[in-house]
Amino acid sequence: MPRRSSLPVTFVVPTLVILLILSMVPTLYAIIIALQNRELSSTAYSWVWFSNFFDLFSDRRFLNAVWVSVKWEVVTVVATMVVAIGLGVLMFEVASQRLRNVYCLLFIIPVLLPRVSAAFVWKFAYHPLYGIATYPYRLLTGGLIFDPLSKPSTALFAVASVDVWQWGLFFAVIVLKLLETLPPQPIEAARLDHAKRWQIHAYVTLPMLKAPLVSLMFVKMIESLRSFDLIYVMTRGGPGVATETLDMYAFSQGFIESGKVSYASAMAVLMMIATVITFTMLWKRVQA
Amino acid sequence: MKPGRIIAKAVLAFAGFLAVFPLLWTALNSLKNSVDIITRVPRLVFTPTLANISYILGRDSVITGLYNSVVACGSAVLIGVVLGLPAAYAVARYPNRWAGDIQFFVLSLRFLPPVAVAIPLMVIWLQIGLYDTLPALIVTYSLLTISVIMWLAIPAFQGVPKEVEEAAFVDGYGAYSVFWRIALPVAARSLIGAVAFSFVLVWNEFLIALMLSSSNAKTLPIVASELSQQGMNVPWGILNASVVLLSLPPLLFLGVLSGFLNSVFRQKKN
Chain H
0 MPRRSSLPVT FVVPTLVILL ILSMVPTLYA IIIALQNREL SSTAYSWVWF
50 SNFFDLFSDR RFLNAVWVSV KWEVVTVVAT MVVAIGLGVL MFEVASQRLR
100 NVYCLLFIIP VLLPRVSAAF VWKFAYHPLY GIATYPYRLL TGGLIFDPLS
150 KPSTALFAVA SVDVWQWGLF FAVIVLKLLE TLPPQPIEAA RLDHAKRWQI
200 HAYVTLPMLK APLVSLMFVK MIESLRSFDL IYVMTRGGPG VATETLDMYA
250 FSQGFIESGK VSYASAMAVL MMIATVITFT MLWKRVQA
Chain A
0 MKPGRIIAKA VLAFAGFLAV FPLLWTALNS LKNSVDIITR VPRLVFTPTL
50 ANISYILGRD SVITGLYNSV VACGSAVLIG VVLGLPAAYA VARYPNRWAG
100 DIQFFVLSLR FLPPVAVAIP LMVIWLQIGL YDTLPALIVT YSLLTISVIM
150 WLAIPAFQGV PKEVEEAAFV DGYGAYSVFW RIALPVAARS LIGAVAFSFV
200 LVWNEFLIAL MLSSSNAKTL PIVASELSQQ GMNVPWGILN ASVVLLSLPP
250 LLFLGVLSGF LNSVFRQKKN
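Note that the protein sequences, when read in sequence, are chains H and A. Per numbering that gives the first Met the number 0, the first sequence starts with residue 0, numbered consecutively. Per numbering that gives the first Met the number 0, the second sequence starts with residue 0, numbered consecutively.
Calculated from the structure, these hints are not laboratory results. Glycine is no exception: its CB is placed at the ideal position from the N, C-alpha and C atoms. Do not take every clue at face value.
In silico SDA-like links for lysine to any residue, alpha-carbon gap of 25 Å or less [unchecked claim]: (1) A/Lys8 with H/Asn100; (2) H/Lys283 with H/Val73; (3) A/Lys8 with H/Val203.
Sample of chain A residues facing chain H (criterion: CB under 10 Å; computed from the structure) [to be verified]: (4) Gly83; (5) Val177; (6) Ile181; (7) Arg265.
Isolated chain A, as found in the complex (with noise of 0.2 Å):
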């Protein structure tokens, strides 16, 4: 093997080492006591402890923000897969002069900073005795939901082959009943990565939720940052297991994004 293969190789591990190592630290650190953690050179052997994860699941604030979490981001995707998928459908197969249009407007959104959208809704939620509850939340929410679930069904519904919808309208299907019983179950694999993809932003999403709650409606990452604001005298290992727990539940949706990731560039290439 030439020498320029070899460093090739060794980069590429070196990078993938990289990729996974500082969570995998992480988390053996959430399973350490603070004596093993705060040693001047990082320790592998050490007597394992769960205490760390068993007061994070015991604490209130985190089963509250944990429940916030999943309340605010569960209806914020529900809201988006009901009002978006319909509309990425209409745009994908009922095409009109205004449909460039409409998927620039559902991108722009993206363009707008946080803050601008946060400062404003702040005012607006405190006004109308909203501010700190989860309808606040969920309904801010689902403006980032049901414009990426558009955006990302509207590829997902046109690479459904036309002619299975032809045949169907033939046999008599009407056009909703051909986006019930064909189109949605044809999609249903790339629309579930959409539908992933989104759950994943909401739940990782922090200045707006930060703007928006001030004690009851805190989601998880609310929680855990608030957790290091009481400076490094907050044992290591606890502030660990917290970031262990909030980043479960992304991760659990590895497979079906990176299947997600595969389909569209297969549907590219053919």
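The shape of chain H in the complex, shown without the other chains (with noise of 0.2 Å):
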């Protein structure tokens, strides 16, 4: 490489400029809006500063979507790495190469779809008249009616079902392809042992491919604080306030319910401390 050249900051310079830009400029906007007692009906305002977060800590329906948001996390997180490697197993032990390769074309599907179009499929699926999904439980009980997206003890198990369908599938495969590139040794040596099959994963393969698998339960938990679009498509937050996430309670107290958009906005900033401060420390330890 040539040491003196103009190339690193022509190329550097102007990108993370419009990036720096592009995200400050909200970032500080939405601050300074959460401060104010802004509102969709009317351009008046003036300043308010820490009030709109004082009330939020005494909003009953705030601590609910902060308690349905760490389950959202908990339950997505853990359920699709649970499937990820739990597929991903099976098709190292079991399935030949080409199968494989068919496999990993299909879980890859699910995880591409448009989160409303994926939503909206299991809307149908999970009707409980017509669905495809709910038809073996009509069938096997005669016809008795169930509708987990309208029980508020189902509904956020039903909406995380579809997010774990797209992401749950897709982790398999990469899962599958790690287990692909360790070397072959260990687990020659495991099986001469006569260590059994599950034995091999739990304590030789699985430990070896702890640092990927962290960083894919890292990019996991990122993924998951982006549930809007399943939950606003598949139940909007209800039955009553069962599903309703900070994201969803956000956007109904700034554009549906009641316009104060200063309101949502405080939320939105104190989202944004937690997961910056949250995912900076993880990828800080992630990293080291």
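Grab the two chains, each in its own frame, and use the hints to assemble them into the complex.
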């Protein structure tokens, strides 16, 4: 590489300046709006400083949304990793090379779908009377009705199942590719020691893949923050507030119910602070 | 064969079935009349109709949504390529002490909750009179495409053998022509995967488009979701047809993206 070239500067600086402007302007503006009392219906506003934030902590619906978001994050991340590792190991163990290629192609399809499409596909499938996914239940019980999306106890899991359908299958492909990159010797050695198949994976291969699997989980944690499309299409936060995550609540406060843009922005700012701090710390640990 | 292996194969086959069946069923429903969809027992045999699909393609809102999606996503991806690829190359090939920080900054843009970006942007675009226009959407999406393309292109450029580029320098190529004539063509396959990925990402984007458009700049996902807002009164066949239309473009990239995935891991193995 030539030492003195203008290339790094001309290639990096414009892009970084544009990225900084595009990201910092909305971020700072979100904070400014959160300290005011703007509403959608009027252009007048004044500075109220931190009162939006104080209001949030006595807002029971907000606290519910925090709880739902945490549940969503835990359920989707854990279920995705379990499905991914389970299917990945199964493919590695019993599928021939040709079959692996077929499965890999099939398992990538759901994640490519727009979330709006995935949400619709499953909203139809979960329909209590005409849905294809509830059909086996109707068949077995002689026509009893099961409506997963409108029961508070099952709605969150029904929506989460769509998220896992998209990401769990996709990550299974990645887990398989990771297993394929491992050197065969440790597996052979364990086999010579009469280790069972599942023991080989539990004690040899998966620990060897710890770092990439943790990174994978990190990616899923970030992507799980984007639950809005699924919930918006499938339940709108309902029944009641059973699936109302933070972004859903911020959206409905800001745009559907009351038009309190500043209040919604205060929520968004809290989310932003929480995620940036959490993920920066996690990232530094993953890298270390 | 041991029973364990049989069960394992059955589980896999079921997962494969689960991956595609719901989508195939939706595609099938888009060819049905309402009488064949609204049945307690799912119907596999029916007289197909193209009425739903022709209805969808004949609606102005759908055609406008399609146009908006293509223009907004196409432009944003183009901007992402023009700004993201050179920057990624510079970070990959001319690392300095900020290289790690730059990579982290680009990744951290993904941590920002979409609502936190969409609310202030809506206010900003309203104030400068660009709310509900394609330029506003394109600029906003560029943040996504530039950062994703950069993030994925850095390892792609690092995968180009250094010797090839050094040989070109010895032959008297300048830094810029090495980028144009050597690095870009050699890394092309991985780069196309990165670009396709960024396209799928913005094509599927929903929340920002929902908040930044009210009538003129609606993208296809918004139009499709609005069809359903009219409740279950809208014929299901039409809804299913719109879901199929919305899902087709990303699926066109299936081959490219699975090839990309393979090349990423082949690189890792070597």
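Taking the hints in turn, this is what the structure says about them:
no.	hint	in the structure
1	A/Lys8 with H/Asn100	holds, 15 Å
2	H/Lys283 with H/Val73	holds, 21 Å
3	A/Lys8 with H/Val203	holds, 23 Å
4	Gly83	holds, 7 Å
5	Val177	holds, 9 Å
6	Ile181	violated, 12 Å
7	Arg265	holds, 9 Å
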